[in-house]
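Chain order of the listed sequences is Y and D. Counting in my numbering, the first sequence runs from 27 upward without gaps. Counting in my numbering, the second sequence runs from 17 upward without gaps.
If you are wondering where the hints come from, they were derived from the structure by calculation, not from laboratory data. By construction, the Cβ of each residue, glycine as well, lies at the ideal position given by its N, Cα and C atoms. Among the hints, a few may not be true.
[Said to hold, decoys possible] With the Cβ distance kept under 8 Å, some of the chain D side facing chain Y (calculated, not the full set):
# : residue
1 : Pro72
2 : Leu435
3 : Glu482
4 : Ala486
5 : Gly490
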Amino acid sequence: MAAGRFVASESGRQHAVEVDARGEVTIEGGEATWRVTAMGGGEYDVVAGERRRRVFVTGPPERRDVFIDGRTFTIEVSRAGERRARAAAHADALAAPMPGTVVNVLVAPGQSVHRGDTLLTLEAMKMELPVRAPHDGTVKTIHCREGELVQAGARLLDLS
Amino acid sequence: MTGPLKRVLIANRGEIALRVIRACAEAGLESVAVYSEADARAPHVAAADRAVLLGPAPALDSYLSIPRVIAAAQSSGADAVHPGYGFLAENAAFARACLDAGLVFVGPPPAVIALMGSKPAAREAARKAGLLIVPGDTPADQSNAAIARTVSQVGFPALIKAVAGGGGKGMRIVAGPAGLDEAIDAARREAAAAFGDGTLYVERALQRPRHVEIQVFADRHGHAVHLFERECSVQRRHQKIIEESPSPVLSAALRGRMGSAAAALARAVGYRNAGTVEFLLEGDGNAATFYFLEMNTRLQVEHPVTEAVTGVDLVRAQLLEAAGQPLPWSQSRLSLRGHAIECRVYAEDPAEGFLPQAGRLLCYRQPSMPGIRIDAGVVEGSEIPVYYDPLIAKLIATAETRDTAIDRARLALRHFPILGIRTNVSFLLAVLDHPRFREGGVDTQFLDREAATLVEAERAAVPPAEAIAAAVAGADGPRPTLTDDATAASADPWSLLDGWRN
Chain Y
27 MAAGRFVASE
37 SGRQHAVEVD
47 ARGEVTIEGG
57 EATWRVTAMG
67 GGEYDVVAGE
77 RRRRVFVTGP
87 PERRDVFIDG
97 RTFTIEVSRA
107 GERRARAAAH
117 ADALAAPMPG
127 TVVNVLVAPG
137 QSVHRGDTLL
147 TLEAMKMELP
157 VRAPHDGTVK
167 TIHCREGELV
177 QAGARLLDLS
Chain D
17 MTGPLKRVLI
27 ANRGEIALRV
37 IRACAEAGLE
47 SVAVYSEADA
57 RAPHVAAADR
67 AVLLGPAPAL
77 DSYLSIPRVI
87 AAAQSSGADA
97 VHPGYGFLAE
107 NAAFARACLD
117 AGLVFVGPPP
127 AVIALMGSKP
137 AAREAARKAG
147 LLIVPGDTPA
157 DQSNAAIART
167 VSQVGFPALI
177 KAVAGGGGKG
187 MRIVAGPAGL
197 DEAIDAARRE
207 AAAAFGDGTL
217 YVERALQRPR
227 HVEIQVFADR
237 HGHAVHLFER
247 ECSVQRRHQK
257 IIEESPSPVL
267 SAALRGRMGS
277 AAAALARAVG
287 YRNAGTVEFL
297 LEGDGNAATF
307 YFLEMNTRLQ
317 VEHPVTEAVT
327 GVDLVRAQLL
337 EAAGQPLPWS
347 QSRLSLRGHA
357 IECRVYAEDP
367 AEGFLPQAGR
377 LLCYRQPSMP
387 GIRIDAGVVE
397 GSEIPVYYDP
407 LIAKLIATAE
417 TRDTAIDRAR
427 LALRHFPILG
437 IRTNVSFLLA
447 VLDHPRFREG
457 GVDTQFLDRE
467 AATLVEAERA
477 AVPPAEAIAA
487 AVAGADGPRP
497 TLTDDATAAS
507 ADPWSLLDGW
517 RN
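Whole structure, please, built from the sequences with the hints as guidance.
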């Protein structure tokens, strides 16, 4: 998962959230740092030291439905400071359709690709999913590496 | 026309259709599912040995269409029809049509359904069988003025309800003359829409009554037994939400009296198969008075509670009885053991006035725990259609004691993630945690008084840090933009699976 600062909103309350380079999550005003591991199918282990909870999450990246301990919350998530720009800025970013492991990356930055070319392969629940180029273009940046576990919606690579 | 059955058509959908299909399979009978266009991919269709399309999604064109259900039974070669609950289950014309078509109807004779389906006739039958009834009447003149006159005769507060009704539809409680006209109009409208019959019945509303019902079962060989009570006082607008057995307030003596009275009524009216005699209980202990409310001439939603504490299989017994066999149990062999509690999980949003929800279950994981039974009509990925009852699943917890059964139900609900639509799971937990409920001191108006407070408390709940962390960690990055096809499919996460190799 990419690092950054986010704003999580629910019921009119806003929470500043920071994800560091190692993927650990800190919530402003909170003591703990959380490590979130996707178990597949919307299920996450959220761990801080010895404390752990099982959380279920569905919905589009910007509006998440979260089930925890018998309760459901709708939490809106946006990158801090670039709420509206986000959709446009990432128009050419390819994202993981579900949590999984990057099996292989078949392209390198600068390489031209044709629509339908396989760019990389994801694996989850013993199934493989080829990630294909949505249009002709050039690979700009690769945000993942082979063997990496990625979250649903995680940015995999940018295509110009 | 009875004898061994071979193939049973289940004239229903959802969890009850699955329940009956499984009972058929256990008994070595073939099952025939019926479905509407909205249910083509529903679990009950996949579970049956055969399936017949009835028609378009609206119930009137599918599950409520007598000619279509009968035609499905005939085309599929079924020899019996199990109606489940709701839809045509208490429709005497349907039972009659089954018999006329040479089909065994898994339920009582049509004449008994008709008798018990008519409030005045049912009350008269109950009175003759020695049961007390709540003062009330069905005015012959159904004008608002005539109904208002009957209301003033029985006294306030009064209940106005559909003669053909059930499940709280077409029912209004009026505390005084103000708003009476509107209540009558609303009840009539709902009754006409839900049951095709706007005839209204008026009765006195009891003070803090409890809803206690007795499960009965009778065969054509002269046996009629009762299988003790279910306490169903946790209701929201007359819709049951939590049911349990035994009732926390019944003494052994009162249980015996109510059971005997219910069995006597079944015997008196020539009842057959499974039925439920509903009572309103006023007062406490041995001094409590129980009034006959109505008889439901079908299997109840909450039948698993009785199965859990008596150890019997009511659906299997229904199939045996329909085949002409004598009851598998005698009264003296039946006993109560432990405590069971059922929570109805509905697709509804408590925070939005319990508005029914429709949509896809993006996440649905049933807990598997000791003492927990879940009867559901859905799986992960199921679509909840807008057309039918919003019941998703029934969670039944069984334990040695009431307190332990409640603890088990709480734990299971806390581990029952359902996402994609809103459900009442957190509301059920709030009810289970309510001190009045824990004490067992709940009457039928408890939720009407408390629901708003409970919902408000739930609305104010702050998500724990773990929920926020998971929402953000899983949300990083834009929407999937894999290929044009995948982009189009990203609105439907399940179709993404199609491209995956296993």
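*Hint by hint, work out which the structure violates, then give me just those numbers in ascending order.*
1
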